[in-house]
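Student: Take the sequences, apply the hints, and build the full model.
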Amino acid sequence: MTVSVIFPVSGAAVEIALERCYDGPVPTAGNARGHRDPAWCIWRIRMGSVLLRWQDGTVRASVGDVVLVPGGLRRDQDFAPGSCIASLRLLVRRDDGLPPFAVAAPAVIPLPNGWDALVAQVLTAPPGPDQAAALATVVARWWACAQEAGWRPPEAHARDPRLTTILSVLDSHGRIGPAPWDTLAAATGLSRRQIDRLCRDGLGLPASAWLDARMAERAAALLADPTRPVKTVATRCGFADPSHFVRWFRRQRGTTPGRARGGA
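With this note's numbering applied, the sequence shown covers 1 to 264.
Treat the hints as calculated values from the structure; they're not laboratory data. Careful: at least some of the hints might be erroneous.
[Said to hold, decoys possible] Listed next, with one range per pair, are the computed distances between beta-carbon atoms:
#1 46 with 229: 16 to 26 Å
#2 225 with 58: 35 to 45 Å
#3 193 with 22: 36 to 46 Å
#4 229 with 191: 39 to 49 Å
#5 225 with 144: 28 to 38 Å
Owing to the predicted nature of the structure, the values given are computational and were not obtained by experimental measurement. Think of the CB as a built atom: it goes at the ideal place given N, C-alpha and C, for glycine as much as any other residue.
Tutor: Written as structure tokens, this is what we have:
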């Protein structure tokens, strides 16, 4: 499913794409250790329960709860046998390169009024304006719930100017692989360790991981054209072997290129 909306926030525009919806039993793969997912997930617990553990805490949710899970968080997740969820996977990107929220930990909230009906609209609306409108309504509700749970957008005006330079270098690099460390050092006067620390503090990811994430966004945009073969996208992204591209894309986006464009 490839529908997206632009959600304006202070100082930036946030693009939120609905990567996938699911409503049913939790598959075996739903239980994981050290799991890191780029998607920002919303789980409505229909049956059973889930326990989430990460470096700084633990939460448990049961029937009737909604779980907000931030993207990029390394976590353990354990669903009780027989659990069923309605899940939305959102890919979220600010146009200034900052993470969508400066502080975000998994949060359990009561079921918002009308939530099931809103999600049903997203699931059943045909591709096009109706589905985009339904997604925009869900996104607005999610954003409000996230902020009530303590998630806060970053302040773009407070960003270290050296981070702006780093983002400019990374965005113009345009290739898969390690960050251009020599160019970054010359542009900022910082060591590799200092650059990575600045990126982790301001972007939530070290430099090479941020570059991979941005390149994955560009690959996903190319894949949105169903007439463009995956092999062509792989070549455009700098991969000589399409199978290497498929494995890299799966690590970055949690899905295959075929599923990302709505295929099998």
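Student: Between residue 225 and residue 58, does the beta-carbon spacing fit 35 to 45 Å?
Tutor: 43 Å, holds
Student: Kindly confirm whether 39 to 49 Å is satisfied by the beta carbon distance between residue 229 and residue 191.
Tutor: Holds, at about 42 Å.
Student: For residue 193 and residue 22, compare the CB-CB distance with the range 36 to 46 Å and indicate the outcome.
Tutor: Check passed, 40 Å falls within 36 to 46 Å.
Student: Starting from the range 16 to 26 Å, see whether the pair residue 46 and residue 229 falls in it by beta-carbon distance.
Tutor: Since the Cβ atoms of residue 46 and residue 229 sit about 38 Å apart, the hinted range of 16 to 26 Å is violated.
Student: Do the Cβ positions of residue 225 and residue 144 conform to the proposed distance bound of 28 to 38 Å?
Tutor: 34 Å, holds
In summary, the structure is inconsistent with hint 1 from the numbered list given earlier, while agreeing with all the others.
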